[in-house]
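Protein sequence lines correspond, in order, to chains A and B. Quick note: the first sequence uses this note's numbering, first residue 1, plus one each step. Quick note: the second sequence uses this note's numbering, first residue 1, plus one each step.
Watch out, some of these pointers could steer you wrong.
[As the list claims (entries may be wrong)] Covered by chain B, per the in silico footprint, the following chain A stretches (three or more residues, Cβ under 8 Å):
(1) 16-27
(2) 43-53
[Claimed, not checked] Okay, the calculated bits of chain B under chain A, using three or more residues with CB under 8 Å as the criterion:
(3) 62-75
(4) 106-114
These are calculated hints, taken from the structure and not from any lab test. Ideal placement from N, C-alpha and C gives every residue a C-beta, glycine not left out.
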Amino acid sequence: GNSVTQMEGPVTLSEEAFLTINCTYTATGYPSLFWYVQYPGEGLQLLLKATKADDKGSNKGFEATYRKETTSFHLEKGSVQVSDSAVYFCALIKISGGSYIPTFGRGTSLIVHP
Amino acid sequence: DAMVIQNPRYQVTQFGKPVTLSCSQTLNHNVMYWYQQKSSQAPKLLFHYYDKDFNNEADTPDNFQSRRPNTSFCFLDIRSPGLGDAAMYLCATSPPGHLYNEQFFGPGTRLTVL
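Chain A extracted, bound-state conformation (with noise of 0.2 Å):
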């Protein structure tokens, strides 16, 4: 079945220094990949996606790209701020019998210290 894997946390950071969250996808052909992202007493909303190889997303300073060959999508950021603070969520959509099935990471929790 489909499966994503996500760095362990948390990952600790002073302001403005730069992020990797690791995050590799097994899934049969095509999915698409996504980053939610969950500040603290909110639900998740999406922070980017990509829907093919090679497609780079983008958002907020972030990026992750689509990478086949190594299944992977890594989340990226410069330069974070304290406000960039969350639980970081990687995640796929593929077809399924018809259905649109979603399927998570268990989240990365990002600290960004002043």
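With the hints as your guide, set chain B onto chain A.
Relative to chain A, chain B alone:
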């Protein structure tokens, strides 16, 4: 603002006492999802609706049921909650089936079982 609303935000029930969680949406999306999220784990898809078509995940316990009386509302019924059912329950919606579509999440209901 169009949104996904979950009530209540916090629910306490007793072991074995039936409980219902509710979700409403103003997005007019065809697809609605229920997830169970335990601490430091990936959101686990319980079931989803495409319009009125109900799709149950194979490993969702029979103890969990769902109703969708109309496009806007969806309910999660836990018939006999056990201690292991304590979790955050997330409702999400999505526009008509499309591989590229993001999900829109509510803030979640945290269920405590005493």
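Status of each hint after checking the structure:
1. Only residues whose C-beta sits within less than 8 Å of a C-beta in chain B count toward coverage, and the stretch 16-27 of chain A has 0 of them, not enough to reach three; the restraint is violated.
2. A stretch counts as covered by a chain when three or more of its residues have a beta carbon under 8 Å from one of that chain; for the stretch 43-53 of chain A and chain B the count is 6, and the coverage holds.
3. Counting residues of the stretch 62-75 of chain B whose beta carbon lies closer than 8 Å to any beta carbon of chain A gives 0, which falls short of the minimum of three for the stated coverage.
4. Coverage of the stretch 106-114 of chain B by chain A holds. Counting CB-CB distances below 8 Å, 3 residues qualify, and the rule asks for three or more.
Hints 1, 3 from the list above are not met by this structure, while the remaining hints are.
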